[in-house]
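*Asks:* Given next are the chains, with one letter for each unit.
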Amino acid sequence: MSNDLLVLDQVRLDIPAGRDWRTLVENVSLTIAPGEAVGLVGESGSGKSMTARSVLRLAPPGARLSGRIEFDGTPVLDLGPRDLRALRTRRIAMIFQDPRAHINPVRSIGDFLTEAMVTHLSVPAREAHARAVRLLADVGIADGERRMRQHPHELSGGLLQRVMIASVLAVEPDLVLADEPTTALDVTTQSEVMAILDDLRRERGMAMLLITHDLELAAATCDRIAVMYAGRILEVQSAETLVQTPRHPYTTGLMVSRPSIDRVAHRLPVIAGRPVAAFEAGAGCAFQPRCTQAGPECLTGRPPLRELAGAHVACVRAEES
Amino acid sequence: MTEILVRADGLQKVFGKDMVAVDDVSFTVARGQSLAVVGESGSGKTTVARMLLGLETPTGGTISVCGRVRQGRAGSAERRRRAREIQIVFQDPYSSLDPLQHIGDVIETGLALHFPLTATERRTRALELLEAVGLTERHAVMLPRQLSGGQRQRVAIARAIAVEPKVLVLDEAVAALDVSIQAQILNLLADIRERTGISYVFISHDLAVVNQISDTAIVMAAGRVVERGPTAELLRTPQEDYTKALLAAVPRPGWKPRRRTPSPSGSPAGTP
Amino acid sequence: MSWPLFLARRLAALVAVLLVASFLVYGLLYLVPGGPMAFLLGNRSGSPEQIAAIRHEYRLDDPFLIRYFGWLGDALRGDFGQSLVYRQDVSDLMSTRLATTGLLVLYATVIIVVAGVGLGVLGALRRGTVDAVISLVNSIFLATPTFVVGVLLVIVFALGLGWFPVFGPGAGLPDRLYHLTLPAIALSLGSAAFLARITRASVGEELRREHVETARSRGFSQSHIVRRHVLRNASIPVVTVTGLTVAGLIAGSVVVENIFALDGLGSLLVRAILQRDFAVVQGVVLVLVTAFVLINLAVDVCYSLIDPRLSPGEAT
Amino acid sequence: MKARLGPLGLATVLLLGVLAVVTACAPLLAPQDPNQPDLFNALAGSSGTHPLGGDALGRDVLSRLMFGARTTLLGPLFTIVLSTAAGTVLAVTAAWAGGRVDAVISRLLDVLFAIPGIVFALVTVAVLGPGMTGVVAGLAVAYTPYVARVVRSAALRERNLPYIAAAWVQGRSAVAICSRHLLPNLRPIIVAQSVSALGFAIIDVAAISFLGLGVQPPTADWGLMVKNGLDSAVRGQPMEAVSAGVLIALVVVAVNLLGDRLGRQEGDLR
Chain A
1 MSNDLLVLDQ
11 VRLDIPAGRD
21 WRTLVENVSL
31 TIAPGEAVGL
41 VGESGSGKSM
51 TARSVLRLAP
61 PGARLSGRIE
71 FDGTPVLDLG
81 PRDLRALRTR
91 RIAMIFQDPR
101 AHINPVRSIG
111 DFLTEAMVTH
121 LSVPAREAHA
131 RAVRLLADVG
141 IADGERRMRQ
151 HPHELSGGLL
161 QRVMIASVLA
171 VEPDLVLADE
181 PTTALDVTTQ
191 SEVMAILDDL
201 RRERGMAMLL
211 ITHDLELAAA
221 TCDRIAVMYA
231 GRILEVQSAE
241 TLVQTPRHPY
251 TTGLMVSRPS
261 IDRVAHRLPV
271 IAGRPVAAFE
281 AGAGCAFQPR
291 CTQAGPECLT
301 GRPPLRELAG
311 AHVACVRAEE
321 S
Chain B
1 MTEILVRADG
11 LQKVFGKDMV
21 AVDDVSFTVA
31 RGQSLAVVGE
41 SGSGKTTVAR
51 MLLGLETPTG
61 GTISVCGRVR
71 QGRAGSAERR
81 RRAREIQIVF
91 QDPYSSLDPL
101 QHIGDVIETG
111 LALHFPLTAT
121 ERRTRALELL
131 EAVGLTERHA
141 VMLPRQLSGG
151 QRQRVAIARA
161 IAVEPKVLVL
171 DEAVAALDVS
181 IQAQILNLLA
191 DIRERTGISY
201 VFISHDLAVV
211 NQISDTAIVM
221 AAGRVVERGP
231 TAELLRTPQE
241 DYTKALLAAV
251 PRPGWKPRRR
261 TPSPSGSPAG
271 TP
Chain C
1 MSWPLFLARR
11 LAALVAVLLV
21 ASFLVYGLLY
31 LVPGGPMAFL
41 LGNRSGSPEQ
51 IAAIRHEYRL
61 DDPFLIRYFG
71 WLGDALRGDF
81 GQSLVYRQDV
91 SDLMSTRLAT
101 TGLLVLYATV
111 IIVVAGVGLG
121 VLGALRRGTV
131 DAVISLVNSI
141 FLATPTFVVG
151 VLLVIVFALG
161 LGWFPVFGPG
171 AGLPDRLYHL
181 TLPAIALSLG
191 SAAFLARITR
201 ASVGEELRRE
211 HVETARSRGF
221 SQSHIVRRHV
231 LRNASIPVVT
241 VTGLTVAGLI
251 AGSVVVENIF
261 ALDGLGSLLV
271 RAILQRDFAV
281 VQGVVLVLVT
291 AFVLINLAVD
301 VCYSLIDPRL
311 SPGEAT
Chain D
1 MKARLGPLGL
11 ATVLLLGVLA
21 VVTACAPLLA
31 PQDPNQPDLF
41 NALAGSSGTH
51 PLGGDALGRD
61 VLSRLMFGAR
71 TTLLGPLFTI
81 VLSTAAGTVL
91 AVTAAWAGGR
101 VDAVISRLLD
111 VLFAIPGIVF
121 ALVTVAVLGP
131 GMTGVVAGLA
141 VAYTPYVARV
151 VRSAALRERN
161 LPYIAAAWVQ
171 GRSAVAICSR
181 HLLPNLRPII
191 VAQSVSALGF
201 AIIDVAAISF
211 LGLGVQPPTA
221 DWGLMVKNGL
231 DSAVRGQPME
241 AVSAGVLIAL
251 VVVAVNLLGD
261 RLGRQEGDLR
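Protein chains in written order, with the working numbering: chain A, 1 to 321; chain B, 1 to 272; chain C, 1 to 316; chain D, 1 to 270.
By construction, these hints were calculated from the structure, which means they are not laboratory data.
This structure is a prediction, so every number in the text was calculated from the model and none was measured.
Glycine included, C-beta positions come from ideal geometry on N, C-alpha and C.
Some hints here could point you the wrong way.
Calculated Cβ distances over 12 Å to all of chain B for the following chain D residues [claimed, not checked]:
id	residue
1	THR49
2	TYR146
3	GLY259
Which stretches of chain D does chain B cover? Using the computed rule of at least three CB atoms under 8 Å from a CB of chain B, they are [stated by the list, open to error]:
id	region
4	162-176
5	181-193
Excised from the complex, chain A in its bound form (with noise of 0.2 Å):
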């Protein structure tokens, strides 16, 4: 499709690991329209970070990335410096999971907040004082002239994150990347924070790739949701019928082995094994060795992703489950 906003294709993340390179993402193809949410949903070693990571191309150093990767008709991976310094400046934006190590210890809120601004936009610095302040207050910090003056160590997780909201804001980018952007906050601090941001988003027609584990977070604020494993996407659906009818064995494991406060199982169904990274996946489906559908098919390649019924799955016995 012409009119999507991100595309990637056959995405593939290697870094080096001695002499030997360590394989992070795997074949990763997925497209975000212009305004969408995307949620990227996977548990520790899915390659769910480095895929967003390379978007922006910020992939850790001496790593080789393979693939396509296009934002807007324009194929990032070919980009000069110049070029992705603008791409990274104006178009794409990226906020992290832990405010506290990604906002400079040293600097203030205001210099934080203005610097893009001045530096990139060209904004007298009185202005853009006045803008930083309007964008605290729209993220619902209200004494945004105190706030500004103060430094990192002087607020809390909360808060910080929402000065990183804000800071994405400021340059009203066509897409923000937010890697698990409420993990490191108490629940009713995550549920203001998404709230904002996604009130916020929606307000300015931003699109927005989610990542996280949570697949209930997910679902309650991305259109679309992509579950990842061992670096390698498993199945696309949309998030209302992703929650539905799960089409991909780990997807439903996922989702039952979660407690949740609605229920009390007796025993809480399980996933046998733990997460393998992409590296660490022998021949054949990587999560065959802890699926309870897996048969002998599964031995042979990876499964690609094909449409099933509205949604992609990649697993050979999709329609069995």
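Given the structure of chain A, go ahead and fit chains B, C and D onto it with the hints provided.
*Replies:* Here is chains B, C and D on its own, set in the frame of chain A:
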């Protein structure tokens, strides 16, 4: 009437001059009961756990375990006796094991402290315990860094139950684990309780996990108990606003994140 | 905590440290085998009158603590007693030599900061050959003692090439600087290498920080990131080490002055030790320790200016 | 561990090994009596019988270097053993006990910190008279706070890890926890720290000998040889000063490399 194993009465902990971490907290744990202590960061729930274990000294109130009041610094014999009453599993599976100690050794050290066993008996018992938590003989000779987070947490559980305590405190013991591993550990904990009749004090911020593992719960905020009751009731019909807010914030089918009206300070309680 | 309170606290701590250190220095000299008398007389044999005079002058008949506080009180007024060897006031002996040592340390400090920080930043930013060469040179300088560097410099540049004078402090500022060039280089090489290493590690570590990733994700150029987000953050350990090394120069000057026959505090101290000149040793050591402690205080104040987390005056 | 040594590491180990052998067997290996003056050899250049020539008194420079290794290296070694032992005990005690004990120990270390190492050594030399005893005693005390500060902060970090709390809760004694858990985990830091301190100690001890306050003539010592060599150099024969000086630098380079490597390995294990 079941036997009360832990009785905390008016617990208080003040750090430094005026940092009140825990204020007037009381609860009991009966034999075989699973009590959840629910709260967000800064609620004082971990301090409560540490006081139960004697890792912090309360500045006020009393704790009695198995009918004996715990007071003052204990000598080594007294500490060994207390060890048989109550044990703990910590949140972080990476730092709760000595990186240089083999897994089998971790269990055997605990056994050697408390039971008059020969070396062979000790080894056999250690293997039994590892098997009870889903590990094998193969793991006994490994170092912690060769194990995954979930496996390490199993070792920590085996270490705790090795000394056969009556109460096990689990301080956010599944919070750091992946969803699929979390379920495995929760099932393991349920099995152990069913088999041994051990009591749990389950410290957690996660209401869904609490719902699964506990039969009674207390909700803490800013060092105080806000609400208490049977877990199912507490989650179905919360009485206090804080509990309601906590419950409303849990993502679940049909849930939407909600903005509280922007407060003038713009910050939740407890921030400067 | 506010700034005045912060400074008051630091100063109080400083005074306490100085008090204990001075007590240590004063007291140690009484541990000498044979007691203070043996020390004061050294190899000389004294007549009963001389002994009596010394006992009187050094108040040896008073209890130890009274003697100590008497000495300390005098020292605070700038009176460190009289040198047994020179028959001169210790304070006079020191004041003429203070300038030489001070100038030497200052000169070396400039070299250390410029070369150390410059090479360290360069090494961190230009990984590869440049970094490897700098690291190699650093390892060598770091391992070569000041006195070896000094002797080699004398052999090569003074004796061999004849570019610099071998010995002596010179007269007039330009000539003094000229005379002090080799000593200052000898004094600074090792410390400059150490500072370069710390700077490189610190800048390198800061470049890997998460907040730098944020800056990168926001499209800032590498030079902007280095200027705005790396250098200031990386300067905390650099300031610490600069302070420590400059304080260390005070000790290093003892050695360098000896090689280049400079008449500074260091050579005074060494001679006083060899001649067992009691009052001079105490005086010089007290001055050196005071300078050391003052520099450390300056470092503490610097941190608070650099890092808002350590800054007084803001509620945390 | 051995497999990851690399060529540089191998050279380092080799050099230190050769030095250890020379230090132990100097009387067997030295071509000449190091203290035998020979006026014909005074300030002589390289020759068959005297590969590195002679000093101002005509003593064989090579033999003096071999014998000199003993005082030059053993002094610093003693210094480091003493300061590491004292520093570790103080640090672990402070970190474990915390509270007032920690405060007292920390203040004590602060005071020692305020006196530069070499100055402290000069003071002890002033008290005990010139010689190795005073130098080692003074430096050992002066180095203690450097070891203690690093070990204390590492011990504090380690002590607050849950595995220590778990051992405590299991009823293990404080002594057992410190010796079985804390110290083994601190060992890499202690070793790396004391090896890099050894480099500084070699430099400081040689510097004091150079000042004429350490090892006393006629005993051979590298620092002293640089001092005497300076006079020879002024009289046109730099061999003694250069060879002794370069040797000191080489040993310290080797020790520092070893320290770095140990430090990095420690980092890898975490």
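*Asks:* Counting residues of the region 162-176 of chain D with a beta carbon closer than 8 Å to any beta carbon of chain B, are there 3 or more?
*Replies:* holds (count 11)
*Asks:* Mind checking, does the region 181-193 of chain D have 3 or more residues with a CB under 8 Å from chain B?
*Replies:* holds (count 3)
*Asks:* Can we trust that GLY259(D) is non-interface, i.e. its beta-carbon lies farther than 12 Å from all of chain B?
*Replies:* 21 Å, holds
*Asks:* Taking 12 Å as the cut and beta carbons as the points, is THR49(D) off the interface with chain B?
*Replies:* 55 Å, holds
*Asks:* Regarding the assertion that TYR146(D) does not contact chain B, is the least Cβ-Cβ distance greater than 12 Å?
*Replies:* 25 Å, holds
Going down the numbered hints, you'll see the structure goes against none, and every one checks out.
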